[in-house]
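Take the given structure of chain A and dock chain B to it, following the hints.
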Amino acid sequence: MKFLVALVTSLIFSAVAVALPVNGLAPDALIKSISSEVIDIVKADKEIQSGNFKKAAELVDKKVAPHFDFMRMTRLALGREWRQANADQQKVLANEFQTLLVRTYSKALTEYKNQIVDVKPLALKAADTDVKVRSEIKQSGAKAIQLDYYLQKTNDSWKVYDIEVAGMSLVTNYRESFANEVRSSGIDGLIKVLQAKNKSDDTVAVKK
Amino acid sequence: MKTSFVHMKISVLLLLTALLTTGCASSAGGNKDPLEGFNRAIFAFNDGVDRVILKPVATGYDAVLPTPVRKGVTNFFGNIADVFIGINNLLQGKVSDGAGDLGRVAVNSTLGLLGVFDVASNMGIEKHEEDFGQTFGRWGADSGAFVVVPFFGPRTVRDTAGLVLDVATDPVGYVDHVPTRNTMAGVRLVNDRANLLPADKVIAEAALDKYSYIRDAYLQRRRSLIYDGNAPREAESE
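Going line by line, the protein sequences match chains A and B. For the first sequence, our numbering gives the first residue as 1, with consecutive numbering after it. For the second sequence, our numbering gives the first residue as 209, with consecutive numbering after it.
If we strip away everything but chain B, and leave its shape as in the complex, we get:
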């Protein structure tokens, strides 16, 4: 049984996608951030939620758990994620990458004790990073405007549509036992956040304006991912 909670998340995202695609799908020419006002408001909201709830919890988690345990947690959820990373690679026609991802799941779920140890990486089966937003990009969908999604953070219109599918297909959402499912989702969220703690300080050091620094980094990153790390260099316009 999928919870109404998952359904709710999905419908909120669908609604948002619909609004975005009808309202302002064209990120016309020069301005890549036509929704800046809206985005900054949501960014500030997300930041506030993070500061008050998520970050303190993640900091505690980070302080209490020894590194090997946290690594095991990261590997465990990374293994679950590999299923749809593989499927997305296959959808993009990258058959050998996709087969590798599914091979990773097979190896890590067994030899790696349900994914706690990343045995596959040690065997040289590379991990990838794929999602439905990238698949849409591969298929030729334009990225559309930059948008900050409540609770989820930076996306583009295309990646928001991808996010709907990412959430809908998230294996954790299909765990029948509700307390187990909620615990898993919670631990994953906190663990992901804890992994980002060092990043906070470096970005604070680097950014003149955190919003635009993160926006531009996100857009560069997504572009690079769609080209699988071989994006052509943009014109220097010096």
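Only chain A is shown next, with the shape it has when bound in the complex:
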């Protein structure tokens, strides 16, 4: 079950993707600056350290979310079912998916603290518009956890559209369950499920 540790340890660092006045910053520099900023804030914040979920969520909303392309993430997670949704539904879906991801990252931030992250330099070419930034979370006694960010350039700024934690995409991991939901109860069914999930108390019965 090591992969679960990997999966979760790194959810944090997805939290790490980027705010700051960073227009024009190269993708690797961007990831680096956000990583260290978020980690430093968490380190200094006793409330987040002791598990204040709401405060962690505010941090993620402010520092991380602006650098994510949630519309694209939602499209990726829905795969071919995306086209079944009309423009309004797509917007609602992207909103709900954003909430779900932000909540997940925030939970990870309160559960895992004091991590050391090492962002690998990227050989960026001028024509690149779609890149992968690699990083690693160091841990003693276990293999470093690989954390890769996929970024796309739009209007001169880079936005994250996928994160792979130890080779697991946090976005496409939903594809199967989203598709099942759409097949059995349609786009509106999926929206309902997401809304219900997001409204549930964050202390949902934690099994296992």
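Since the hints were derived computationally from the structure, they do not count as laboratory data. A portion of the hints provided could be inaccurate.
[Said to hold, decoys possible] Using C-beta positions, here's what the derived DEER-type ranges look like:
1. D118/A x P440/B: 20 to 26 Å
2. Q89/A x T377/B: 50 to 56 Å
3. G51/A x V260/B: 22 to 28 Å
4. R80/A x K418/B: 21 to 27 Å
5. K199/A x A249/B: 28 to 34 Å
Given the structure is predicted, the values throughout are model-derived calculations rather than measurements. The C-beta atom is built at its ideal place from N, Cα and C for all residues, glycine as well.
Just chain B, lined up with the frame of chain A:
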């Protein structure tokens, strides 16, 4: 002397592997989870065992032991695991990785005081994650259907076969003194589980359906491991 307990575990796994490979080795095309009904039942069973026994024990362990002690325990068992991680790397033809793993064992068993301190990592000798399932994958074995193994959790048919060898070659299983062996196996299990406690909460936050979330994460993870972290990106089919 190996116990009959180890033998029992192995024969159960062998039986399961045989059933799986004869019954449904072909995970035909679209459906990667043809055993979903069976799997969900075993998943619920494992979950129940965890909730009633393992998790409460691990929570107590986590509460009582200070972090440095737990880290030492993790390092100690990680050092034992490095032996077969190295052998698997060698079996996959990754000679320098394998040599590194065995070098880690040499360094950590001595300078690291029987593995309690991970000196090798500080020296820059990287730890890897390998097992027989990955070795079979490297050799070209198809993963086969996803399957949840009682007590062991998510696997594929190929990884279940690998698990048989992982268990059969587990150095802890070869400790002669029975109480010592059982204590070691018990502590390792509880320590591993304790390391996963924070993961529980995050997964509960993330998953719409825990079974499929864990299944898909497992399958992605195994694919990535076989490519040593450089798996080609799957088609987006947008």
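Verification of the hints:
A hinted range of 20 to 26 Å for the beta carbons of D118/A and P440/B is consistent with their spacing of about 24 Å. The hint said 50 to 56 Å for the Cβ distance between Q89/A and T377/B, and at roughly 53 Å that hint holds. Restraint check, G51/A to V260/B: a C-beta distance of roughly 25 Å satisfies the suggested window 22 to 28 Å. At about 25 Å, the beta-carbon gap between R80/A and K418/B stays in the expected band of 21 to 27 Å.
The beta-carbon spacing between K199/A and A249/B, approximately 30 Å, falls within the hinted interval of 28 to 34 Å.
Checked against the numbered hints listed earlier, the structure breaks none of them; every hint is satisfied.
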